[in-house]
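J.: Keeping their order, the protein sequence lines are chains A and B. Final position of the first sequence in this note's numbering is 327; the numbers increase by one with none missing. Final position of the second sequence in this note's numbering is 257; the numbers increase by one with none missing.
Please note: incorrect hints may appear among the correct ones.
[As the list claims (entries may be wrong)] Here are the simulated lysine-lysine pairs, DSS-like style, with alpha carbons at most 30 Å apart: (1) B/LYS197 to B/LYS30; (2) A/LYS265 to A/LYS325; (3) B/LYS256 to A/LYS315; (4) B/LYS256 to A/LYS163; (5) A/LYS315 to A/LYS295; (6) A/LYS319 to B/LYS256; (7) B/LYS30 to B/LYS196; (8) A/LYS325 to A/LYS295; (9) B/LYS256 to A/LYS265; (10) A/LYS163 to A/LYS265; (11) A/LYS295 to A/LYS319; (12) A/LYS295 to B/LYS256; (13) B/LYS30 to A/LYS149; (14) A/LYS265 to A/LYS149; (15) A/LYS265 to A/LYS319; (16) A/LYS315 to A/LYS265; (17) A/LYS295 to A/LYS265; (18) A/LYS149 to A/LYS163; (19) A/LYS325 to A/LYS315; (20) A/LYS325 to B/LYS256.
[Unchecked claim] Restraint-style ranges between C-beta atoms, simulated for each label pair: (21) A/THR221 to B/SER161: 25 to 31 Å; (22) A/PRO318 to B/ASP169: 50 to 56 Å; (23) B/GLU165 to A/ARG151: 39 to 45 Å; (24) B/GLU241 to A/ARG233: 26 to 32 Å; (25) B/ARG64 to A/VAL198: 46 to 52 Å; (26) A/GLY220 to B/GLY162: 22 to 28 Å; (27) B/VAL249 to A/ILE193: 43 to 49 Å; (28) B/GLU55 to A/GLN146: 36 to 42 Å; (29) B/GLY162 to A/ALA323: 33 to 39 Å.
Honestly, the hints are just simulated from the structure, not real lab data. A virtual CB, placed ideally from N, CA and C, is assigned to each residue, including glycine.
The chain contents come next:
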Amino acid sequence: MSVVVVERVGDEITPASLELLSGARHLGGVVEGVTWGDANVLAAQAGAYGASVLWSVGDLGGGLPGPVMAAGLATLLAKDGAAGAESGHVAAGEGGGATRVLVPHDYDGRDIAARLSARLDRPVLTNVVGLDADGVSEHAIFGGAQVLKARFTGPGIFVVRAKSFIAEASDGAPAEVRPLAVGDLGRIAEVKITACHVEEQAGPRLDQAPVVVSGGRGLGTAEGYEMIEELARLLGGAAGASRAIVDAGWVPYSHQVGQTGKTVKPSLYFAAGISGATQHMVGMKGSSHIVAVNKDPDAPIFAIADLGVVGDVHKVLPKLIEALKNR
Amino acid sequence: MNVVVCVKQIPDPAEPGALTAAHTLDRHDKLTIDEADRYGVEVGLQLVEQAGDGEVVLVSMAPRGEVGGLRQGLAMGAARAVLVSDDVLAGTDALGTAKVLAAAIGRLSPDLVIAATESTDGYTGTTPVQVAELLGLPSVSFARRVEVTGGRLRGQRQTESGYDEVEVDLPALVTVTAGVVEPRYPNFRGITGASKKPLEVLSVADLRIDPSAVGAAGAGQAVLSVEPAPARGGGEVILDEGDAHQRIVEFLEGLKL
Numbered sequence: 001m002s003v004v005v006v007e008r009v010g011d012e013i014t015p016a017s018l019e020l021l022s023g024a025r026h027l028g029g030v031v032e033g034v035t036w037g038d039a040n041v042l043a044a045q046a047g048a049y050g051a052s053v054l055w056s057v058g059d060l061g062g063g064l065p066g067p068v069m070a071a072g073l074a075t076l077l078a079k080d081g082a083a084g085a086e087s088g089h090v091a092a093g094e095g096g097g098a099t100r101v102l103v104p105h106d107y108d109g110r111d112i113a114a115r116l117s118a119r120l121d122r123p124v125l126t127n128v129v130g131l132d133a134d135g136v137s138e139h140a141i142f143g144g145a146q147v148l149k150a151r152f153t154g155p156g157i158f159v160v161r162a163k164s165f166i167a168e169a170s171d172g173a174p175a176e177v178r179p180l181a182v183g184d185l186g187r188i189a190e191v192k193i194t195a196c197h198v199e200e201q202a203g204p205r206l207d208q209a210p211v212v213v214s215g216g217r218g219l220g221t222a223e224g225y226e227m228i229e230e231l232a233r234l235l236g237g238a239a240g241a242s243r244a245i246v247d248a249g250w251v252p253y254s255h256q257v258g259q260t261g262k263t264v265k266p267s268l269y270f271a272a273g274i275s276g277a278t279q280h281m282v283g284m285k286g287s288s289h290i291v292a293v294n295k296d297p298d299a300p301i302f303a304i305a306d307l308g309v310v311g312d313v314h315k316v317l318p319k320l321i322e323a324l325k326n327r
Numbered sequence: 001m002n003v004v005v006c007v008k009q010i011p012d013p014a015e016p017g018a019l020t021a022a023h024t025l026d027r028h029d030k031l032t033i034d035e036a037d038r039y040g041v042e043v044g045l046q047l048v049e050q051a052g053d054g055e056v057v058l059v060s061m062a063p064r065g066e067v068g069g070l071r072q073g074l075a076m077g078a079a080r081a082v083l084v085s086d087d088v089l090a091g092t093d094a095l096g097t098a099k100v101l102a103a104a105i106g107r108l109s110p111d112l113v114i115a116a117t118e119s120t121d122g123y124t125g126t127t128p129v130q131v132a133e134l135l136g137l138p139s140v141s142f143a144r145r146v147e148v149t150g151g152r153l154r155g156q157r158q159t160e161s162g163y164d165e166v167e168v169d170l171p172a173l174v175t176v177t178a179g180v181v182e183p184r185y186p187n188f189r190g191i192t193g194a195s196k197k198p199l200e201v202l203s204v205a206d207l208r209i210d211p212s213a214v215g216a217a218g219a220g221q222a223v224l225s226v227e228p229a230p231a232r233g234g235g236e237v238i239l240d241e242g243d244a245h246q247r248i249v250e251f252l253e254g255l256k257l
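With the hints as constraints, model all of the structure from the sequences given.
T.: Put into structure tokens, the structure is as follows:
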């Protein structure tokens with residue numbers, strides 16, 4: 001069976017968790033989700049994407065999901081092994097391979113997987129980009145240059161990168177909602193969120209946009225990023241960034257594409273002034289079409305670009321913007 | 001305030017990574033401090049300076065008694081370092097590493113443990129929070145600002161849509177993002193002094209860790225194969241002679257966006 005970490009934003013399941021529910025459904029066997037807060041409002045969506053049961057660890061009380069979700073998952077997996085049959089739970093081994101836990105590769109997901117791993121004394125596999133019903137997982141290593149295949153000896157915790165599976169709804173009935181009791185966790189659950197800040201960006205969301213225009217160090221200054229935003233607007237896309245200019249403070253982290261940022265697979269990826277560090281490439285190499293402008297003819301980005309322009313972004317982009325405006 | 005900073009010593013990141021025949025990361029070359037860890041060292045130094053007492057202790061696990069990366073952190077200003085190095089650790093996975101680091105850190109009873117969000121070579125990104133769970137500590141991962149006042153940590157934690165302000169009492173563990181601070185460059189005195197600072201080398205037995213829980217035998221997964229990713233061939237590359245934008249427009253029109 002598969003147990004999927006169902007992350008939420010308000011009353012919606014995140015796209016990453018919907019992908020995992022769909023992926024788990026296609027792998028076969030029973031799919032159950034674990035979330036926090038009021039699960040009733042998520043039951044229909046969870047069911048449509050593949051979960052028969054949606055467990056909730058309850059209200060987080062202003063805390064982070066990591067410790068509580070990990071403790072809840074550990075309880076659920078213990079049930080699965082020991083008292084699985086009598087609770088109506090499906091025993092490990094059903095549906096090919098042992099129980100697998102699927103976790104989105106994001107901030108909260110990594111906390112959950114790490115704490116669960118330590119709690120269960122089980123390893124965790126991260127950067128998973130594929131998984132088959134026999135429990136063989138694929139991992140992008142060295143920035144996606146190589147694919148490593150691994151198999152767990154026993155139940156596995158898989159932290160799966162975004163867009164490894166396609167989110168597809170089925171006609172599944174709403175998931176049955178069940179509470180998952182988590183006792184007092186003491187100090188590990190003491191972190192409190194005192195305020196949330198949303199760094200809004202105009203236009204479509206970076207990880208859902210059909211076109212992504214990203215800028216890098218080659219822009220020279222923070223002001224150069226205005227060209228990226230304008231080009232993104234003209235192409236109906238979202239503006240992204242390399243880690244270098246996020247670290248430099250030119251643009252907020254929410255724009256970052258790459259290993260530690262967003263994974264994007266748009267129809268068109270436009271890289272301006274980005275050399276193509278493996279850190280960046282792993283987040284965008286799945287794009288359908290790639291256009292790159294960079295003044296260094298040896299930039300690695302050209303090796304994967306469908307159209308590469310060796311030139312100065314400050315010369316090419318203003319003319320391109322002008323031409324697109326006049327189109 | 002006493003701060004432990006976890007430091008990973010990694011192969012030169014400018015060199016292409018390679019795996020050994022046993023599918024573990026090839027670390028036979030000289031190792032260097034993971035650049036991502038310099039931010040943690042800097043945060044630790046600043047917090048100790050602000051507190052006016054305490055010290056920064058570096059903790060690392062590495063093969064062959066490797067201390068090159070630790071000396072780099074000591075040169076920045078850390079007071080001392082603890083290295084766990086033992087042949088039985090070859091092939092240890094992230095959880096096994098966390099067990100070793102947790103045992104080494106636990107002996108020091110620090111107020112704060114700092115690590116990078118993920119290493120530059122393996123980027124598993126789970127070891128620090130595994131350490132927190134093993135030590136029973138609360139954790140703030142992906143912190144982009146960290147302050148400590150009156151024994152309470154306040155930080156900004158990255159989220160998918162922006163950031164959260166979070167708080168927790170010490171002791172605690174944080175992972176810091178690159179860019180959280182500007183790491184200082186070691187000065188001449190720092191570099192020459194680094195070789196004289198205390199550096200303790202521990203074995204697995206010293207930490208009373210069961211050798212079967214670490215190393216390749218303790219790793220609960222088997223690597224089946226490693227293959228090059230499906231190649232994505234490059235396409236047309238042109239040199240801009242003032243009219244490259246026209247070729248881009250043609251290309252975009254061909255995509256019917």
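J.: In ascending order, which of the hints set out earlier in this document are inconsistent with the structure?
T.: When the structure is compared with the hints, none of them turns out to be violated.
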